[in-house]
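First to last, the protein sequences are chains A and B. Using this note's numbering, count along the first sequence one by one with no gaps and you end on 266. Using this note's numbering, count along the second sequence one by one with no gaps and you end on 295.
Quick caveat, the hints were computed from the structure, so don't treat them as lab data. As the structure is a computational prediction, the values presented were derived from the model and not from experiment. Do not rely on the hints blindly, as some may be mistaken.
As the list claims (entries may be wrong) - Here are the simulated SDA-like cross-link-like pairs (lysine to any residue), alpha carbons at most 20 Å apart as the crow flies: (1) Lys74/B <-> Arg260/A; (2) Lys261/A <-> Thr11/B; (3) Lys266/A <-> Thr44/B; (4) Lys21/B <-> Leu207/B; (5) Lys261/A <-> Gln18/B; (6) Lys13/B <-> Glu28/B; (7) Lys6/A <-> Lys74/B; (8) Lys13/B <-> Gly265/A; (9) Lys127/B <-> Tyr97/A; (10) Lys127/B <-> Ile12/A; (11) Lys114/B <-> Ala165/B; (12) Lys127/B <-> Ile91/A; (13) Lys134/B <-> Tyr97/A; (14) Lys13/B <-> Met258/A; (15) Lys74/B <-> Trp113/A.
As the list claims (entries may be wrong) - Over the 10 Å line for every Cβ pair with chain A, so calculated as not near, a few chain B residues: (16) Glu192; (17) Lys237; (18) Asp244.
C-beta: ideal position from N, C-alpha, C; glycine also.
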Amino acid sequence: MIRLLKIELHKIIYSKTFWILLGLYIILLAPIAFGFENIIGSVRIGNGSKQSSMGNLILQGYSVSNFPDIWLNMAYLASWFKLLLALIVVIIVTNEYSYRTIRQNIIDGMSKWEIIWAKELIILILSLIGVILLITLTLILGNYYGDTNIFEGSGIIFSYFFSLLLYLNFAYFLSSWLKRSGFVIGMLFLYTIVIENLISFKLPDYITRFFPMNLIDKLVPNPLGKLLGKNVAYDFSLLNITVCVLYIALFITINYQMLRKGALGK
Amino acid sequence: MTKVLNTYNLTKKYGSLQVLKEVSLEIEKGSVFGLLGPNGSGKTTTLGIILDIIPQNKGTYEWFGQAPTNLSRKKIGAIVETPNFYGYLSAERNLMISAEIKEAPYSDIERVLKIVDLFDRRKDKFKTFSLGMKQRLSIAAALLGNPEVLVLDEPTNGLDPQGIAEIRNIILKVAKQGITIILASHMLDEVEKVCSHVAIIKKGALLVQGKVDEILGETYLLELKADNMEELHIAIKEFAMVVDVKLELDKYIVKLSKKISNGEINKYFFSKGIALTHLASRKKNLEMQFLEITN
Ligand SMILES: Nc1ncnc2c1ncn2[C@@H]1O[C@H](COP(=O)(O)OP(=O)(O)OP(=O)(O)O)[C@@H](O)[C@H]1O
Ligand SMILES: [Mg+2]
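Next up, chain A with everything else stripped away, as it sits in the complex (with noise of 0.2 Å):
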């Protein structure tokens, strides 16, 4: 595990590119999280009458920051960033067939089950950096009173983790099976905007709902429907996480017999 980790380390800590996505991921969500109760709280709803802060208008002293709604809300805006993450993960992985390393690799002794936990460490790692960026935007910014419960809601944490590592799960699939890192931004594109909702189109709620982009969206779904007065929680119950799993591990399984079946590129 060590020995994979530090493999993996000598790639990334040297490339420009990792840091300039992570450094992104970072620099943008931070003040785009700091911007967020500003940018809500100045929208003018319903006929005009302006309102300091949408927090008002729904009374019951709602904001966007308050505790325990900020979880969700943090999480959320954080989940659309992933992309960042996903990029990464596009360009870890499709370099090793550019470069031909992959071969290398295997050539000098790594098995190829070992070339796939090795990106999964990396993609846990990604994920765990995504979670604590996730905890400490929320109790940077959350708004304490004096009976606050903090920890109240934070089970998103949880969900909003298992949401990453299918969506960075799902872009290492990707990534292997395209090997292009054009091919995989272009295909992440479709399928999470056109091929899930066109499949999707003719096929019952029940169906539907355990498609993977579709699981995301209940595992940190949109918040915004609570100002509209409905019930939104995030839905980490067993039954999605297990789709979840089982997911992670079809891709995982996908790539192994890629490996074994010698697609390693050109």
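Fit chain B with the ligands to the known structure of chain A by using the hints.
Relative to chain A, chain B with the ligands alone:
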């Protein structure tokens, strides 16, 4: 003799294209084994299979008498086709990755870089290297951790004459330490200069394998001419040592099973009443030998 590598009926197809046909190789410990064949004959495919980067359709192989695992590959230093490194990393950092994979100590990096004369350039990025330097770096990587076997696919590809000579010297030096070397090449003189054993493949089929001097060794050729070529032909056929004879332009080329002095040859034909107008012995060159075997 202990075997370093055995392959049993390796067969590979790409679609309908049969690339390897039942190739069975046997490589002894300590030998310098040349895998010789023209372009597209299946050398790289064979090496790819025994290094687990190309799956075979049929057949098996054993490293060190055992079913292969990634652990056996850690005892093998190998380069296949092109140097494969991370372009954005320095030579040294690339070797650290190889060392980490092979579980060789980092302290070995300096040694191998010095062998291929790249120590001064160790901090430079791989992508800034010339083709020859890239090739040398891959040889350095293959030497990391004192492997028991070195597998080299056209290691002198793209090198200048001096570079070719340097690589040959490195190979010979390494071979002297008892490290087994498997060398794929389409260049006969390369194989002749460094190899103790050779296997020749053509269109995916193994034609021969054995000791270099037995397979590519000299045979004895004579060029003969006389005024009466027909009589000469009859006399040649009656000569005991003759293996083969053919007419090439205006002379007979005669292949002998052993070396005989020109004096004795002259004596023989004289006794048959033939005066030779031309007698020359010629060492058969490898090029001809190779073409003959592969044709
Ligand atoms: N991925 C592939 N798909 C289809 N055919 C392939 C593939 N790789 C190799 N081949 C074919 O297999 C045959 C053997 O190729 P291989 O690379 O093993 O030859 P080689 O002996 O190494 O030749 P060279 O001396 O040119 O390096 C060739 O006909 C080649 O076209
Ligand atoms: Mg080749």
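Evaluated hints:
1. Lys74/B <-> Arg260/A: holds (19 Å)
2. Lys261/A <-> Thr11/B: Holds, at roughly 15 Å.
3. Lys266/A <-> Thr44/B: holds (13 Å)
4. Lys21/B <-> Leu207/B: holds (11 Å)
5. Lys261/A <-> Gln18/B: Roughly 17 Å between the alpha carbons, so the hint for Lys261/A and Gln18/B holds.
6. Lys13/B <-> Glu28/B: violated (28 Å)
7. Lys6/A <-> Lys74/B: Roughly 17 Å separates the two Cα atoms, so the pair holds.
8. Lys13/B <-> Gly265/A: holds (17 Å)
9. Lys127/B <-> Tyr97/A: holds (16 Å)
10. Lys127/B <-> Ile12/A: Holds, because 16 Å separates the two Cα atoms, which is no more than 20 Å.
11. Lys114/B <-> Ala165/B: holds (16 Å)
12. Lys127/B <-> Ile91/A: Given pair Lys127/B, Ile91/A holds - Cα atoms ~17 Å apart, limit 20 Å.
13. Lys134/B <-> Tyr97/A: With a Cα-Cα distance of about 18 Å, the restraint between Lys134/B and Tyr97/A holds, given a limit of 20 Å.
14. Lys13/B <-> Met258/A: holds (18 Å)
15. Lys74/B <-> Trp113/A: holds (15 Å)
16. Glu192: Its Cβ never comes within 10 Å of chain A, the nearest being 27 Å, so this holds.
17. Lys237: At roughly 54 Å from the nearest Cβ of chain A, Lys237/B sits farther out than 10 Å, so the non-interface label holds.
18. Asp244: Asp244/B is indeed farther than 10 Å from all Cβ atoms of chain A, at 44 Å.
When each numbered hint is compared with the structure, a violation occurs for hint 6 only.
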